[in-house]
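Assembly of the complex is requested from the two constituent chains, each provided in isolation within its own frame, with the hints serving as guidance.
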Amino acid sequence: MIHNERYGLKTFLSGVRDGFPIGAGYFAVSFSLGIVAKLSGVTGIQGFFASLFTMASAGEYAGFMVIRESAGLLQMMLVTLVASARYFLMSCALTQRLDPKMPFRHRLFIAYGLTDEIFGVQIARPGYVEPVYSYGLFVLPALLWSSGTLLGIVMGNLLPASVVSALSAAIYGMFLAIIVPPSRKNPVILCCVAASFGLSFLFSRLPALSGISSGTRTLILSVLIAGLAALLFPVKEEAADAF
Amino acid sequence: MHSNLLYILVMAGTTYLIRVLPMTLIRKEIKNRFLRSFLYYIPYVTLAVMTFPAIMDAAEKPLAGLAALIAGAVLAFMGAGLFPVAIVCCIVVFVLERIL
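From first to last, the protein sequence lines stand for chains A and B.
According to numbering that gives the first Met the number 0, the first sequence is numbered sequentially starting from 0.
According to numbering that gives the first Met the number 0, the second sequence is numbered sequentially starting from 0.
By construction, these hints were calculated from the structure, which means they are not laboratory data.
Honestly, I wouldn't trust all of these hints.
Said to hold, decoys possible - Simulated restraints on C-beta separations:
#, chain 1, residue 1, chain 2, residue 2, range
1, B, Leu24, A, Lys184, 31 to 39 Å
2, A, Lys184, B, Glu28, 21 to 29 Å
3, B, Phe33, A, Gly126, 32 to 40 Å
4, A, Pro20, B, Met77, 33 to 41 Å
5, B, Val94, A, Gly126, 33 to 41 Å
6, A, Lys235, B, Leu5, 39 to 47 Å
7, B, Gly78, A, Phe196, 18 to 26 Å
8, A, Cys190, B, Leu34, 19 to 27 Å
What the hints assert, rightly or not - Dumping the calculated BS3-like pairs for lysine-lysine here, alpha-carbon to alpha-carbon at most 25 Å:
#, chain 1, residue 1, chain 2, residue 2
9, A, Lys235, A, Lys100
10, A, Lys235, B, Lys27
11, A, Lys235, B, Lys30
12, A, Lys100, A, Lys184
13, A, Lys100, B, Lys27
Since the model is a prediction, treat every value here as computed from it, not as a measurement.
Cβ atoms here follow ideal geometry from the backbone N, Cα and C, with glycine treated the same way.
Pulled out of the complex, with its shape left as it was, chain B reads as follows (with noise of 0.2 Å):
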């Protein structure tokens, strides 16, 4: 348990860290094909590690999370950007909550 600035510094500090080392002081090409392809994977895989079934357990009901989840899915296939996609999703639990 620390107290929330302490875990917020950590987060910004780590996360400014990330973006700042290859423009400055690595500024070389990875050349391991193993860590390349790892950080290529990376951000796919945690992503849906952290939708799914998050998306459903936070809704109040938990359907009505599962229809936002393929609606999002199904519209970002189509080429719909980030900011239409959020808000189908949105519109997809708050209708379904009333419904189901």
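If we strip away everything but chain A, and leave its shape as in the complex, we get (with noise of 0.2 Å):
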């Protein structure tokens, strides 16, 4: 039984190890997070649990421009649940390397600490997912995320305009570190990202459609983009499975 305990302690610890990297740049992204939940009236602490609690980039960034543009909760719903459905397909995938004897309860904590690094580092584990390996990985980026959107809220004033300016790029760097692999591979998701970037610099800057809120241009072309991809171009199993 100790003996078990030991090798449990272990196995967290190379958990809250292979997190550190992750966490480090988080640290830097979630400051340029702070900086964008500031403008939106969020205070640090609220901006602290915000970022514990939903562990998303694309999400919480989403989330601030809806709460700066006071829209409504079903907004913000939607709005979430487009910024962030990557992460159900994910969790589709991970269920598949779950051990079906798994307590059941670890599949509700694992869920919460389901980010794109993290997903592919637990994917690049051999055999089941370890709940404990897990949990020790989440540690360090869940407070970091959350430390440096706190960070970035308060200090986002004490700093002077070129440096926020400058770190408020940070949060957009990390998009393309998302987008960008991808469309190399697959020329439809490169489309799709073109598409995209074209469509959406039309909606912000073209008088007629420049009132439209950033959430709901979010939502329309998302929703009208990946519909299209998907109806003109439908993956096939396989690819779906690698995501």
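Structure representation (structure tokens):
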């Protein structure tokens, strides 16, 4: 029994270690997210818990924009759904790697920490996903993501405007790091990204359309472009599984 | 107009449901080909819509933001990870806003 616990601790700590580089990256990006949150009137403590409980870059960015625009709660739900839809597929994929004999409660906790990078690390390990390893893996990214958001909100106006402007770019850099590699491999995704850039630009600049809030714009364009792509270029079974 | 707390609860709750439902209630493969394809494409579209032109509007000088977009895209294309791409975007904006 004692032997088992020590083994558990060791597994936990190896998860913590693997989480460090992810956490370091998250810290820089969430500071940038904090600057966005601050503009929406979110306080440091609210931002800390928003990040701790949501743990989603695009989802939180979109959510903070909804707050800034004082939109409705339904819009918050829909925008979050669209911005974090990718976790749904990742969760489906991860389910295939869970031990059917694993106690059910672990599913509730493993779901919490599902982000792009953490998913990548979990999938890269051979065999069933070990819950204890996953919890270790979550610790640093979750804490650094939340405290980075807090610091971004609190320090955002202590820093010179030039530094804030530069740091604001980090969150978009993170988005680029997610969308560019698959665009390179899949021409349909590349076309989707190009169409998204173009239409998003038109929507924000054309006088007739620029009145639409950014949350609504994200919703409309996401459903429109992804829907068209799905109709015209349905993916084969393997492609969606590999996601 | 709602309190920030309510917004954050809805945001966190929705996000958790997205992650937990496939592992708990659904647990079956999604068979519908259109839905699978839609779910496959939508992340890239949403992230792209939120990146541009927002990256230009977030910078004090839009051109610096545009340059960061190009630099970040090229770097990610060459296989750089999340952290280097994010940092380079920041540096490009910082440097160009001094020069432009």
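In rising order, the numbers of the hints this structure does not comply with:
4, 5, 9 and 12
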